[in-house]
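Each chain, written out:
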Amino acid sequence: MKKMLYVLLVLVLGSTMLFAGGAEEKKAEVVDPNAPITLTVWCWDPMFNIYAMEEAAKIYKDIKPNVTINVVETPWNDLQQKLITSLSANATENLPDIILMQDNAIQKNVMTYPEAYVPLNGKIDLSQFAQFKVDVGTIDGNHYGVPFDNGATGTFLRRDIVEKAGLKVSDFNDITWERFIELGKIVKQKTGVSMISTVANEPDFPMLMLQSAGTWMFNEDGSAYIKDNPVLKEALRITKEMVESGVCLLVPDWNAYIATLNNGTVASTINGCWISGSIQAEESQKGLWAVANTPRFANISSSVNYSSQGGSGWMVMANSKYPDVAIDFLAKTFGGSVALYETILPTSGAIATWLPAAESPVYATPIEFFGGQKIYEDLVGFAGKVPNVKYGVFNYEARDAIARALSEVMQGTDIDAALGTAQKNVEFLMSE
Amino acid sequence: MAKSNLTRKINLYGWLFVIPAALFIFILNFYPMISAFLLSLQSGRGNNLKFAGLKNYARLFEDEMFLTSVGNVVTYLVIQVPIMLLFALVLATMLNDPKLKGRGIFRTMIFLPCATSLVSSAMIFKSLFSIDGIMNTALVGIGMLSEPISWLTHPVWAKFVIILTITWRWTGYNTVFYLAGLQNINRNVYEAARIDGASASRQFFSITIPLLKPVILLTTIMSTNGTLQLFDEVRTLTNGGPGIATLSISQYIYNLSFMYNPQFGYAAAVSYAILVMVAVLSFVQIKVGGKR
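Protein sequences, first through last, are from chains A and B. Heads up, the first sequence is in my numbering, so the first residue is 103 and it goes up one at a time. Heads up, the second sequence is in my numbering, so the first residue is 2 and it goes up one at a time.
Just so you know, the hints here were simulated from the structure itself, not pulled from any lab data. Idealized CB from N, CA, C, for every residue including glycine. Careful, some of the hints might be misleading.
Which stretches of chain B does chain A cover? Using the computed rule of at least three CB atoms under 8 Å from a CB of chain A, they are [said to hold, decoys possible]:
{"no.": "1", "segment": "62-73"}
{"no.": "2", "segment": "144-154"}
{"no.": "3", "segment": "190-196"}
{"no.": "4", "segment": "206-218"}
{"no.": "5", "segment": "226-236"}
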């Protein structure tokens, strides 16, 4: 019988260990304005947004020495997954105080979990930011995002290769996609170098083409606008033509894409201006690059030579213990410090969407890497002319469907049929 | 009287020892399964879920992407599992030969792929089959190809690379099961067969395969189960592309939960669809192959 008791004892002890925890009492917060505060931030790029955040932390340290910023490197895909997992399990204590969010995911995340984010209405002067960036982070009249980097696109060109083909950099300004293909053929013929490269499975070109025409994949009422969307049809047609004519080289993934830029496999790339950081990483190509604006559609009248790709904004999480400190931090750094932007621009190419920063003389400095072109001044100019679109809640669903349509069109499927399937699949995912 | 008391006491101890394990299995296995089933009966986005009955299960049949992913996985299954198991069987028979020198080294080498992580093996295959990878260089070099193939962006070749990767990774694992099975077969049986004049292939088909039947059944069920839940390799190699030509069911569940607006209810229904498929296929395999 004694043995029985021991066994029971072990069981009881074991189960208490299993169910232990959770019984700790919460201590009342002591309000002391100078008590040390740590704000945790999730963002993903050590050369870019992590660097910018650390510089911002240094600036805020001078204003409020008791606030420490703890940056945790979290790749975007992981960040999105952690966010959804924690929010759906109501385990928000694992979440940071501030996150960086891709522009095209803000709507989806805020509409699915509206209580998870702090509206910044009136606490940060958003009128000082580029309007299209503010709109991206505005949902039902509430402002959630502090715009960070600019996604304005440009054509980043290898000056030397283009000139070897008998062309000038200025030949690429204010042109149409048709003209771009013609020029690409000349470059390929004269130098043997492909004009441009893109990741095979990604619809990056169609997306930036859509925005250049002020169109997106949804109607005003939010319903999918993919089938019979003339801009989308034209975008797929041109992308296919670029690949088939040999002007555009398809690569399997992002690393291979960056490699084509850095090892001289291609003469140009068209992407958000944040790509300049990766271009400048290859120091041996110093002086060989230049920037022109983005091609437009020849037969779509709303199309302009400006578009946007990527870009992100800071958001304050509702689970933060110090939301006011977090907002104040953002207001005095990313939303109020010219010095911050002056520091981060030359080293990281983080082009501000905070307009007062663009008046800083740093932006007008000729950049040696780009052969003395004042590229930041040019890019800020492009940013001001980017057509405004609403990415919508179902952006990732639609983007994936277009990626698939594009790959089917490349394999020979009719464009209308591919877009019809895409429309059907997006509608399926939008239904419940 | 005394005896039945003892039996009862032993039974009681037995139960006491079983309870902790049973408790853990219930909490860690059955409870999530039950709550996933309850989740699959709800529809909505994020945490705004409401009861919807079997609607999610009805939706499965209208979902072209789900059906494509099932088609992809069935393709992997039908091609890859028989090839892999045959390879494993042949390798195991060869390794079981008592006259073979350096058996230990061969066994280690054949099992070694299983010790690598799924993601790193997929990464290695990805670089082998990249445009400027060793495969293209070699095949162009010996003149089998006139120009490099973009393996991972072509709907058919991408499937081929995925099948190759899984086969490389899992053949050694199954070989170990067969080796263990073979060692349970009495050598005398083979000796008697040899004396009767049976050839090596006759011995393989008439002795090895029938006597290994239970092990073959086990490995078939395990491989079927594993392939239906395929995730890491596809996600690393192609991310489901080009388009959704290589998408696996598990990756579709991932997309529904984390890439798109989260539809956890529907995602749970898709995972229960995998469960049903595994159950049905295993049942068929046991019925067909399990007769003793």
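How does the coverage statement for the segment 206-218 of chain B fare against chain A, requiring three or more residues with Cβ below 8 Å from a Cβ of that chain?
violated (count 0)
Does the segment 226-236 of chain B contain three or more residues whose Cβ lies closer than 8 Å to a Cβ of chain A?
violated (count 0)
Proximity test - 8 Å, beta-carbon atoms, the segment 62-73 of chain B to chain A, at least three hits:
holds (count 4)
At least three residues with a C-beta closer than 8 Å to a C-beta of chain A: is that true for the segment 144-154 of chain B?
Contact hint for the segment 144-154 of chain B vs chain A: holds, 3 residues under 8 Å.
Can the segment 190-196 of chain B be counted as covered by chain A under the rule of three residues or more with Cβ-Cβ separation shorter than 8 Å?
violated (count 0)
The structure is inconsistent with the numbered hints 3, 4 and 5, although it conforms to all the rest.
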